[in-house]
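These protein sequences, in sequence, are chains A and B.
For the first sequence, counting from 1, position 317 maps to 317 in this note's numbering; every step adds exactly one.
For the second sequence, counting from 1, position 39 maps to 1039 in this note's numbering; every step adds exactly one.
Treat the hints with care, since some could be wrong.
If we take Cβ atoms under 10 Å as the criterion, some of the chain A residues that face chain B in the derived model are [said to hold, decoys possible]:
(1) 17
(2) 24
(3) 266
(4) 272
(5) 498
(6) 505
Residues from chain A that keep clear of chain B, each with C-beta distances beyond 12 Å, as calculated [as the list claims (entries may be wrong)]:
(7) 15
(8) 40
(9) 142
(10) 229
(11) 231
(12) 254
(13) 258
(14) 320
(15) 507
(16) 634
(17) 743
Far from chain A, by Cβ distances over 10 Å, these chain B residues were calculated [stated by the list, open to error]:
(18) 1047
(19) 1084
(20) 1096
I should point out that these hints are in silico values taken from the structure, not numbers from a laboratory.
The beta carbon of each residue, even a glycine, is placed where N, CA and C say it ideally should be.
Residue strings, one per chain:
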Amino acid sequence: MSRRWHRPDERPVTNSGGPVSGRFAALDRRPVNRDGLAREDPELGLVAMRSPADPEPALELGPDGRVAAMDGRQRERFDVIDRMIADHGLDLEVAPEAMALEDGELARRIVDPGVPRAEVTRLVAGITPAKLAAVVRLLRPVEIQMAIAKMRVRRTPSIQAHVTNRLDDPLLIAADAATAVAFGFRELETTVPVLEDAPSNAVALLIGSQVAAPGALTQCSVEEAMELELGMRGLTTYAETVSLYGTEQVFVDGDDTPWSKAFLCSAYASRGLKMRVTSGGGAEVLMGAAEGCSMLYLESRCVSLARAIGAQGVQNGGIDGASVVGAVPDGMRELLAENLMVMLRDLESCSGNDTLVSESDIRRTAHTVPLLLAGSDFLFSGFGSITRYDNMFGPSNFNGDDLDDYLVLQRDWGVDGGLRPAAEEEVLAVRERAARAAQAVYRRLALADYDEAHVEAVVTAHGSKEVPVEDPLAVLEAATAVQRRPITALEIVAALAEEGFAEEAERVLAMIRERLKGDYLQTAAIFDEDMRVLSKVTDPNDYAGPGTGYEPDPGRRREIASVRQAISVREVRAEQELAAATLHLVEGPPAAAGSNPREVCIGLSPAAGRGIWTTLSGLSVRDALREIEAGLEEEGCEARLIRVRSTVDLGLVGLTAARLAGSGIAVGLQGKGTALIHRRDLVPLANLELYSVAPLIDREMYRTLGINAGRHAKGVVTVPAKNPYTEEAITARYHTRALALVAIERERSEPSPPNELTRAAS
Amino acid sequence: MTLRARSGRPVEEITVERVVAGELTAEDLRVHPDTLRAQAEVAAAHGNPQLAANLRRAAEMTALSDERLLAIYEALRPGRSTRAELLAIVAELEESGAATTAAMVREAIAGGAERGLLADP
């Protein structure tokens, strides 16, 4: 192996370019090493928490009572963002008090559960963007979590889903929307690979969203004006794609000004539509105009601007730029801090986690878990409820194939991540209902005609690759028709009702009725499945330390706990009973000591072949016994079955049997398949050979066990069998089943002497 | 207080039967400005004067048609409108009683002029 050396800081590599070290070669293959990590570069704004260009917090009021200078800029030099924040975003009555507070003191009040949430929001309303960033910068990750638990607006956490597909197939969108709601998502966001398809996607999402339960909000993320238009027609029920940026240059490049955005906010509200704005670190760096500022400071400006223009909430936590933030030191911390800043401004947080930030499962999970534990108004601003390739936003940090992982994470920590287990039959049923509802509406309104085979493919599909494309122009034509006529929510409601989808018609109309009431325009509003509005007004976060704040109620706890993989001892017992016919053992008289030196006992645990018939490897107890007996026979030994009743401990089972064996040697066998060889003069835990990893013991190993036991009986040297080795999480996989089997063993044990055991004639 | 749609129709009358019978129009699906003003008061009482102001502007903007709403939004985007064009919008808004919305457009004119975001006449 030859080496070449370049610069002193370069690693030694082989001619083929790989590392010399086997250890490093293995590390190189790890997924985390496909992530592009960046060295900090403050000039470019490639820095998370603090840059030399971040201004010192300052606020100066002029004689006219207006802000004369803010964060190092005089009014004459204000950019459009400064101006909007200075003129509308700050509580100038509180400002002198709040700006005078030392950063550390304000940081402590934010974290301290003894300081009420309302006192914190009162003070934060009076601080400038630079001050907000300076204070949040002082918080360590766990303190950010504490602050989030206290400062998020809504008491009950919730979660948003992405529902999209490569084809913009309306039946698939409807079915996936229904699936998402079945799993508990309360906001559904779609978007398009083809912009012109948007109206069709909005219609399909609206229909599908109301199938499994009432009240999920829907959104179609497209260009600002089109998104508004779809909303005005009742085809969506909230909006989110109203982007804010932290520098003037990028803001204008985004084709808006703070005033056009403020107008847009009011425009949505004027039609009774909920909306939030979107920002998120990394966007300004990606657009090459971060003005040398840190991501945290620029995001503080966005969040402060959101409050200034009167938006009720913010989607941030990286979003499109999440991976850029993740590339620099403290990046994940910055993303979490972004969410907190929104909450501190007393706004709804729709908390990111919607971009796959790493190829590494460890790293992407580590990004999401801190927020999951703390709780947020929306834990994801798009959990990809569909499979990765169908996510037209790009893969989310968690996706459809991660649903079970997420459900188990909720259960592990006893936290409400907003989702619930859904059974396969239930999901198939709502998918079919949603696909048929969409099919019927598209037919009734002459938008498109999807046949039965298409419905069937959609219902069972994992993703759009399993859905046929009968007519490549069908979606575009449907979308064009929706736009041209134009179709409104009224036509959808009528078509649903006329096609026999009365419940869905009522639910879609209920969403319209709600926009006439306006209660869901308040901060952090969602509908629960009984159409109650949960918001800052009706469900305010009341966390004030341990024992306070949101806790899943007993019903919700059961729901979180009831993942489909969970098994009970009762189920394991029933499963064992199914194999009862494989072996009939007859309990004989109390066993006496044997005298044949070739006699080897096989000591069976209390439940082996009597309550337990299948070992953890899936092999039957019968076959395990047969192999052991065959091994003994090969060595010319005689097997004698003994039931040991008084103990579940395998060492004692083996030793008890060994003391009854003419040879003084015995095999001990537990129902779950664990086995050992024992000798009568040893202490219980000091056996001759132990086959401890029951799930991996196969026929051949039981045969070897029998052979070795026979050789021990004959006094011949034996090569001890090696325990099988595995890299798998063997205990995670089998411990639940193992403990259930031990419980069965325990039930069958009794303080009686060992007895003879024979096979019933079968 | 009976909640009504902008058309004056009570919210309870928004039923599937009426939709199917073709009795409802787009106006029945629009929020009433009084509802938005009431929500503005709730927002203010809950410590968010900015959200309250937004909802008050929204109440004013219920008077605008969908087309007009989209057109004014477009006019406010960078480099789209001259000062005179935006002043015409201000006048239009003031005439329709949309005083706070008009004031915001005035701010957009002042701020936009200072930062070079208005179209050249």
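Results of checking the hints against the structure:
no. : hint : in the structure
1   : 17   : violated, 49 Å
2   : 24   : violated, 51 Å
3   : 266  : holds, 4 Å
4   : 272  : holds, 3 Å
5   : 498  : holds, 6 Å
6   : 505  : holds, 5 Å
7   : 15   : holds, 56 Å
8   : 40   : holds, 30 Å
9   : 142  : holds, 28 Å
10  : 229  : violated, 7 Å
11  : 231  : violated, 10 Å
12  : 254  : violated, 9 Å
13  : 258  : violated, 8 Å
14  : 320  : holds, 21 Å
15  : 507  : violated, 10 Å
16  : 634  : holds, 79 Å
17  : 743  : holds, 54 Å
18  : 1047 : violated, 6 Å
19  : 1084 : holds, 17 Å
20  : 1096 : holds, 12 Å
Violation of the numbered hints given earlier is confined to hints 1, 2, 10, 11, 12, 13, 15 and 18; the remaining hints are satisfied by the structure.
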